[in-house]
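Peer 1: Assemble the whole structure, with the sequences as input and the hints as a guide.
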Amino acid sequence: MANRNLLRLSATLLFVGELLSLLVGALHPARENPNNHTAVFAEYANSADWTAVHLGQFVGMAVIIAGLLVLFFALNVHAGTPGWAGRFGAVSAVVALALYGVLQAVDGVALKQAVDAWASAPAAEKAARFASAEVIRWLEWGTRSYQSFMFGLALVLFATMIVGTTRIPKLIGYLMGLSGLTYIVQGWVLGSEGFSATNTVPQLLAYLLVFAWSIWLLILAWRMKESVEAATA
Numbered sequence: 001m002a003n004r005n006l007l008r009l010s011a012t013l014l015f016v017g018e019l020l021s022l023l024v025g026a027l028h029p030a031r032e033n034p035n036n037h038t039a040v041f042a043e044y045a046n047s048a049d050w051t052a053v054h055l056g057q058f059v060g061m062a063v064i065i066a067g068l069l070v071l072f073f074a075l076n077v078h079a080g081t082p083g084w085a086g087r088f089g090a091v092s093a094v095v096a097l098a099l100y101g102v103l104q105a106v107d108g109v110a111l112k113q114a115v116d117a118w119a120s121a122p123a124a125e126k127a128a129r130f131a132s133a134e135v136i137r138w139l140e141w142g143t144r145s146y147q148s149f150m151f152g153l154a155l156v157l158f159a160t161m162i163v164g165t166t167r168i169p170k171l172i173g174y175l176m177g178l179s180g181l182t183y184i185v186q187g188w189v190l191g192s193e194g195f196s197a198t199n200t201v202p203q204l205l206a207y208l209l210v211f212a213w214s215i216w217l218l219i220l221a222w223r224m225k226e227s228v229e230a231a232t233a
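Going by our numbering, the sequence shown opens with residue 1, and the numbers climb by one from there.
In short, the hints are calculated from the structure, not lab data. Be a bit skeptical, because a hint or two may be false.
Claimed, not checked - What follows is a set of in silico ranges between Cβ atoms, one per label pair, in the way DEER data are often shown:
1. Lys126 x Asn76: 56 to 66 angstroms
2. Arg223 x Thr51: 32 to 42 angstroms
3. Ala26 x Val91: 53 to 63 angstroms
4. Asn3 x Ala119: 12 to 22 angstroms
5. Arg223 x Ala197: 37 to 47 angstroms
6. Leu19 x Asp49: 12 to 22 angstroms
7. Glu32 x Gly80: 26 to 36 angstroms
8. Glu193 x Lys126: 21 to 31 angstroms
9. Ala121 x Glu32: 17 to 27 angstroms
10. Ala48 x Gly101: 15 to 25 angstroms
11. Leu27 x Ala197: 18 to 28 angstroms
12. Leu139 x Ala62: 17 to 27 angstroms
13. Leu27 x Thr166: 36 to 46 angstroms
14. Thr38 x Thr166: 17 to 27 angstroms
What you are looking at is a predicted structure, and each value in this text was computed from that prediction instead of being measured. Ideal placement from N, C-alpha and C gives every residue a C-beta, glycine not left out.
Peer 2: Okay, here's the thing in structure tokens:
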């Protein structure tokens, strides 16, 4: 049986983290094509709230990961394949958060300093400064790619745990698993094409699927009776 109080905490953390990430992400400069480095670096250099936005994104991801870890304890699954999936999912979630911290250090700090230096450099130094900023941008691609892989893997593993138990409806697990696959696809696109338009559909699907299962989980957790196990699909 799922622990009602922990499940409520998990569902609340997951929803709040996802909502915070969405709202803060909407403040990120996004007018220019992110793969047009000349235009987008100029846009980033003119951003006054860059550091705050990226700190907010990190906080949002940290809250999401906390929600996943609490979910592991809330479902209290230890035996068989679901138990192992949950354990590996928890480890993958922690790794995903660590990579996200590296990502925000690269994107939120290093890239901002690099584009500012390029924007203010004298003409003789522009090319060298631009090349330095591009190197950091490509490092951002790589870090975000592998962070997406690990976060997607964590969601797939947690989905496996959910589907393999009767603690909460299996359909929540299926939706979570599909959302994990969209992050894995995003990781592949980021690693091969950077921030290209190819990523638009996987990103939109990820948002829709994540909010679908997180809202369902939130409603389920807060309607759950203390002595009654959640209905299963």
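Peer 1: None of the hints should be skipped; say for each whether it holds.
Peer 2: We went through each hint and held it up to the structure:
Restraint check, Lys126 to Asn76: a C-beta distance of roughly 59 angstroms satisfies the suggested window 56 to 66 angstroms. For Arg223 paired with Thr51, a C-beta distance near 40 angstroms keeps the hint of 32 to 42 angstroms intact. For the hinted restraint 53 to 63 angstroms between Ala26 and Val91, the CB-CB distance of approximately 31 angstroms leaves it violated. Separated by about 52 angstroms at the C-beta atoms, Asn3 and Ala119 break the suggested range of 12 to 22 angstroms.
The hinted range of 37 to 47 angstroms is satisfied by Arg223 and Ala197, whose Cβ atoms lie roughly 40 angstroms apart. Here the CB-CB span from Leu19 to Asp49 is close to 19 angstroms, well matched to the stated 12 to 22 angstroms. Our hint of 26 to 36 angstroms for Glu32 and Gly80 is violated, since their Cβ atoms are close to 50 angstroms apart. Restraint check, Glu193 to Lys126: a C-beta distance of roughly 26 angstroms satisfies the suggested window 21 to 31 angstroms.
Checked against the given bound of 17 to 27 angstroms, the beta carbons of Ala121 and Glu32, roughly 20 angstroms apart, stay inside it. At roughly 23 angstroms, the beta-carbon separation of Ala48 and Gly101 lies within the given 15 to 25 angstroms, and the hint holds. As the Cβ distance of Leu27 to Ala197 is approximately 21 angstroms, the hint placing it in 18 to 28 angstroms holds. Between Leu139 and Ala62 the Cβ separation comes to about 22 angstroms, which falls inside the hinted range of 17 to 27 angstroms.
Restraint check, Leu27 to Thr166: a C-beta distance of roughly 41 angstroms satisfies the suggested window 36 to 46 angstroms. Our hint of 17 to 27 angstroms for Thr38 and Thr166 is violated, since their Cβ atoms are close to 56 angstroms apart.
Violated hints for the displayed structure, listed by number in ascending order: 3, 4, 7 and 14.
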